[in-house]
Amino acid sequence: MYPDHVRHVPAERAVTAYQPTPLPPAVVHPAPVMPVQPGTVPAVTSIVLPDGRIVTGYAIDHPQPAPAAAAPVVSRTAVNVALGGVGFLAVCGGLLLLTSFIAALTAFIGQLIILAAVIFGGWIAVQVLSAGGHKGGTTVNIRRAVIKRNHFHG
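For the sequence shown, my numbering gives the first residue as 33, with consecutive numbering after it.
It is worth saying that the hints were derived from the structure and are not from the lab. Built from N, CA and C at the ideal position, the CB exists for glycine as well. Check the hints yourself; a few may be wrong.
[What the hints assert, rightly or not] Here are the simulated distance ranges between beta carbons: (1) 138 to 114: 35 to 45 Å; (2) 139 to 107: 42 to 52 Å; (3) 115 to 137: 30 to 40 Å; (4) 113 to 90: 23 to 33 Å; (5) 93 to 56: 51 to 61 Å; (6) 140 to 114: 37 to 47 Å; (7) 134 to 157: 27 to 37 Å; (8) 160 to 134: 30 to 40 Å; (9) 75 to 116: 32 to 42 Å.
Could you put together the complete structure from these sequences and hints?
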């Protein structure tokens, strides 16, 4: 029927061509006319070109750009680096004070623990070694005892 590289397109699937719609011409508005103050109209100038033609027109002064701001004596980068260094030194000093404070606080807490151990240990020693009061048991009065021939009679 048809070779492999040729494809048959049925009539109902035929390509429809569209014609572009022309655009209406753009409306050009004239540039606004600036009112000119009397006495400020520039003088008419004529220039002779090298081929002999003469061109006549108004001489227009080109607007001068505003003078550039004077560059600072010190660059902003240098100022930023210097401020960063000052800030870094302030942070280092604060960290040094913080570590000193932590060391002092640790020593203080250690001394409080030792003081508590000494006080508590002393209280325990007083309770254990105190001679006040009977804890129970038998009391023997040795003064009234009579010792005869190495024999104790109580």
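Violating hint indices (sorted, rising) | Hints 4, 5, 9 not satisfied by this model.
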